[in-house]
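Trainee: Can you make the complete structure from the sequences, with help from the hints?
The primary structure of each chain is shown beneath.
There are 2 protein chains.
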Amino acid sequence: MSDQNKKDGCFFGVGVGPGDPELITLKAARLIERAQLICYLVNADGDSQSRTIAQAHLNPQQIDMPIYMPMSADPAIGSAVYDDAAQAIKQQLGAGKDVVFLCEGDPLFFGSFAYLLTRIEDEFPCEVIPGIASPHGASAKLKKPLTMLKESYGVISGRHSDEEIRQALLNLDSIVIMKAGRARPKILKLLSETNRLHEANYLEYIGRENERIIEDVSTLPHEVGPYFSLFIVLRDERART
Amino acid sequence: MSDQNKKDGCFFGVGVGPGDPELITLKAARLIERAQLICYLVNADGDSQSRTIAQAHLNPQQIDMPIYMPMSADPAIGSAVYDDAAQAIKQQLGAGKDVVFLCEGDPLFFGSFAYLLTRIEDEFPCEVIPGIASPHGASAKLKKPLTMLKESYGVISGRHSDEEIRQALLNLDSIVIMKAGRARPKILKLLSETNRLHEANYLEYIGRENERIIEDVSTLPHEVGPYFSLFIVLRDERART
Numbered sequence: 123m124s125d126q127n128k129k130d131g132c133f134f135g136v137g138v139g140p141g142d143p144e145l146i147t148l149k150a151a152r153l154i155e156r157a158q159l160i161c162y163l164v165n166a167d168g169d170s171q172s173r174t175i176a177q178a179h180l181n182p183q184q185i186d187m188p189i190y191m192p193m194s195a196d197p198a199i200g201s202a203v204y205d206d207a208a209q210a211i212k213q214q215l216g217a218g219k220d221v222v223f224l225c226e227g228d229p230l231f232f233g234s235f236a237y238l239l240t241r242i243e244d245e246f247p248c249e250v251i252p253g254i255a256s257p258h259g260a261s262a263k264l265k266k267p268l269t270m271l272k273e274s275y276g277v278i279s280g281r282h283s284d285e286e287i288r289q290a291l292l293n294l295d296s297i298v299i300m301k302a303g304r305a306r307p308k309i310l311k312l313l314s315e316t317n318r319l320h321e322a323n324y325l326e327y328i329g330r331e332n333e334r335i336i337e338d339v340s341t342l343p344h345e346v347g348p349y350f351s352l353f354i355v356l357r358d359e360r361a362r363t
Numbered sequence: 123m124s125d126q127n128k129k130d131g132c133f134f135g136v137g138v139g140p141g142d143p144e145l146i147t148l149k150a151a152r153l154i155e156r157a158q159l160i161c162y163l164v165n166a167d168g169d170s171q172s173r174t175i176a177q178a179h180l181n182p183q184q185i186d187m188p189i190y191m192p193m194s195a196d197p198a199i200g201s202a203v204y205d206d207a208a209q210a211i212k213q214q215l216g217a218g219k220d221v222v223f224l225c226e227g228d229p230l231f232f233g234s235f236a237y238l239l240t241r242i243e244d245e246f247p248c249e250v251i252p253g254i255a256s257p258h259g260a261s262a263k264l265k266k267p268l269t270m271l272k273e274s275y276g277v278i279s280g281r282h283s284d285e286e287i288r289q290a291l292l293n294l295d296s297i298v299i300m301k302a303g304r305a306r307p308k309i310l311k312l313l314s315e316t317n318r319l320h321e322a323n324y325l326e327y328i329g330r331e332n333e334r335i336i337e338d339v340s341t342l343p344h345e346v347g348p349y350f351s352l353f354i355v356l357r358d359e360r361a362r363t
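Those protein sequence lines, which keep their order, are chains A and B. For this note's numbering, count along the first sequence from 1 and bump the result up by 122. For this note's numbering, count along the second sequence from 1 and bump the result up by 122.
Certain hints may be false.
Identical chains share a label here; the pair holds if one copy fits it or two copies do between them.
To be verified - In silico DSSO-like links for lysine-lysine, alpha-carbon gap of 27 angstroms or less:
(1) LYS301 - LYS265
(2) LYS265 - LYS128
(3) LYS301 - LYS266
(4) LYS219 - LYS129
(5) LYS219 - LYS265
(6) LYS128 - LYS219
(7) LYS308 - LYS266
Since the hints were derived computationally from the structure, they do not count as laboratory data.
Mentor: Put into structure tokens, the structure is as follows:
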């Protein structure tokens, strides 16, 4: 039952950046510290990368609202999880509570937040606080420009088809391949086929304790890697004034 | 003359985000506050967008080192400015001073910092602190996903050729066109030709007082706009689970 005198809460999608807790923005830190309710996705072990990154800004007065997202290839399962989560979040918003949803990287870049936003935005106020997306975290670590003035730049994910990844590698100067974990063997094969293996860099867990950076990916085993991994492919020869 | 007992300074490229001073990261704020020397580009009026964004974190003890970058189509002029600037920065680094170079958005994304980095990195330690790039600032403002799971995403600039922009508009689901100021008339024409005018959004001075957001770009005059402007083109129909 909703209290007629109560103002609706606001649903905030807050980006916490690629991993280093110091790469949270001032705005995200402020919103997380003041939030009444903190919401985030957890895996089967109850772990949340985004909550870990935001840890220093949480406070014990906050209501904690983990959403369990099973790893599944079936979109109907994900959809049902988002339906239930949106319902639970709307109940809190209707009761006048602001809800901060923590997102790794940037909320609107290959993230789950979009699926909640579409389910909530017609009924409640929503705000989005951008975060450092992992391609930017990765290029800063490598100290290599993601893109220079006249270059073409694109981002694709390991979930795209072989042909889409091949075309991107053939046509773009700079290309980031996100969510490279399960797709790693096929990505290494496509990098060889398009003659860009020597131009590729591989990073996992950017800014975390278990960070790994490999600039010679020919040494990388053709095995499945972790979810938080990506490839950055950059031209060897770059126009520099 | 370099002091043999003195440790070299470090050259930091620090992203200050797209415009809202609260979108600076905790790390950038800390480095700016502690820097001995702050360096940034200025236009003919002595104005610097990045310094304005970082204002709250500057302190009067810091040495201020503006670099005047003339607006010119001649790459030789830009190159000479970077040569001189790199020389001046290296002198400070050799004297043991850390230098923080302020960058709008992200330092390694369509930015000037890359041209300084290549001139300095072989001789002195360098670090890069990523910032929120303007496509992410823009999509957060619009509250529209920059890219969803199966979509293709790319970024191009108004400096690219008509044909390159046309191909990007034809082939990519989500496309951001940066540095759209002088190229605005040609971009509007290409959006019409590729039948994507209705899918385009236009933003200028994101997060600043003079911010403008136009979601119906057919109302936009076919005139040259400001340097800090961009188009985001997103599919009308998007796959949503």
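Trainee: Of the hints given before, which are not true for this structure?
Mentor: none
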